Every structure is written in structure tokens, then in C-alpha cells.
Amino acid sequence: MKLSLKNLLISSPLVIGGLELGLRLIGYSFPALGMPDRVTGWSLRPGAEGLVRGENKRGVYVRINSDGLRDREHSIRKPAATIRIAVLGDSLCEATEVPLEKTFWAILEDKLSRCATGGQKVEVVNFGVAGYSTAQELLMLRTRVWKYEPDIVLLAFTGSDVSENFRPLSGQPLAPYFIYKDNQLVLDDSFRGLIRHEWLRNKWASAAQHLRMLQLVRQLFQRSRTSMPANDSLYAEPVDREWREAWSITEDLIRLIHRETVQHGAA
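Quick note on numbering: my numbering labels position 13 of the sequence shown as 75, and the sequence is numbered without any gaps.
Simulated from the structure, these hints should not be mistaken for lab results. Please note that the accuracy of each hint is not assured.
To be verified - Derived BS3-like pairs (lysine-lysine); straight-line CA-CA distance at most 25 Å:
1) LYS140 <-> LYS183
2) LYS183 <-> LYS173
3) LYS140 <-> LYS243
4) LYS119 <-> LYS164
Small disclaimer: the values here were computed from a predicted structure and weren't measured.
I would like the entire structure built from these sequences, with the hints used as guidance.
Structure follows, in C-alpha cells:
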């Protein structure tokens, strides 16, 4: 028994080391860019970086800036003679599949800057986070966007947002939702009870920044929890109660984003 335990203690580091080396040799890399967030469910971790091998098999080196945005550094105060555009969205905006300069919002900034006249500049700030619903984008707008003083808010809306805005269709427990109460949208932030140990998840994410094995375990766990089958109901006229409510909530959320944007003097 003692010999078996001794052999186990000796062999375990060798097995772990061999697995880690093997993952590095095959180029596996999926750094933990996110962290728990008590407002939006999750957000990007300031300063996180690493080679992301997702849909782009060659990999893209991604850096999150000091304010937790997948973007270059921006001053909080808007520079003089600058038109600033804030982009809200999900994975299509976070866009870890392409280098920063090839994201649609970076190309937008470049093309609009070439058209600017009278000494004006155009600056696009990306607030997109993978997996975000319209509800989370509204909360991002309220809590993080306005300090940047945008002149324009661009909402990148995708079809999956409809189901992600409604808990029964979403299947995502770690997110905030808006629900109807007395015919008014109110925030349901009950997910906070599930992230009471966010400090532990942050430690795990920090360790995963350096160990490919932890990145693999984390990725497998996330896929097992968030993978949802494709639903063709998204593209049809809503006929049942759940889809009608999902569309109604989504439309009201977009109206809220529009109303609050106008109230802040932005377009």
C-alpha cells in the first residue's frame, strides 16, 4: 500500500506535466478572459491576454485593456473635436476570432475618420462581451458607457438575443434578466446568489491564464453548461406564449436603450 501511494505521488506530477506539455505542443490555448460580475453576470478581466484558438485555428492574440474592454486603451474623458461612438454587443463585437484591426468597429473607426472634416476625429469604443443579451447590454450602457461621453450608441443586435433575453429559453443561470411585473420591465438579478464565491472563480481564472490543462477543463465545463440546440423558432412568427414574451421583452429593452440614449444627449 505504501509503495502504491509512493508510486502515485511520483507519477502524478509526471502525468500532469506530460499533459501540460502535450497541450502546449499541439498549440491548445484558450485563456480565461472573463470574470464574474455582480451587475452583468460576467465581464472581461482588465489586463487579461493570451492566444485564443477558437474558430480561427491559427489563433489570435487578444488583450483586454485596463478598463476591461476588448479594445485599445481609451481616455475616459472624450478628447476635443472628437465624435465618439460606443458599441454594445456580444461575441460578434468582442470578436476574438480576428485581430483588433480587423474587427468591424475598428474598420468603422478607420473609414469614418477618413471622411471626417473640419479637424474632427472619430473614435469607436467597443463594449462588446461574448454571450451578452440585450438585457446585459442595457446594464453595460447604464453602468459603464456613459462615463466615456459617447455621441452615438451603436447596438449590435443578433437573432440569438431574443432567446437570451428570456430565462426559460436561455438556459443561462448566471445572467440578469428583465421580467414583467405589473406590466413594467423590472430587473431580476437573482443570479447574484450563484456567484457568492466569485473570488474563487477569479483565482481559478488567474491560474488558467498560465496552465493549458486548466484552460481545457474550464472550456469543457463551459460548453457542457451553455451549449443549447439551435432553435428554428427564432426565425418564425412567435406563436406560443414563451416566444411572444421573449420578443416583447426584447423590443421593450431596445426601446429602453433608445430612450436612455436620447436622455443622455446621444444619437
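How the hints compare with the structure:
1. LYS140 <-> LYS183: holds, 11 Å
2. LYS183 <-> LYS173: Status holds; Cα separation ~11 Å.
3. LYS140 <-> LYS243: violated, 38 Å
4. LYS119 <-> LYS164: holds, 16 Å
The structure is inconsistent with hint 3 alone, although it conforms to all the rest.
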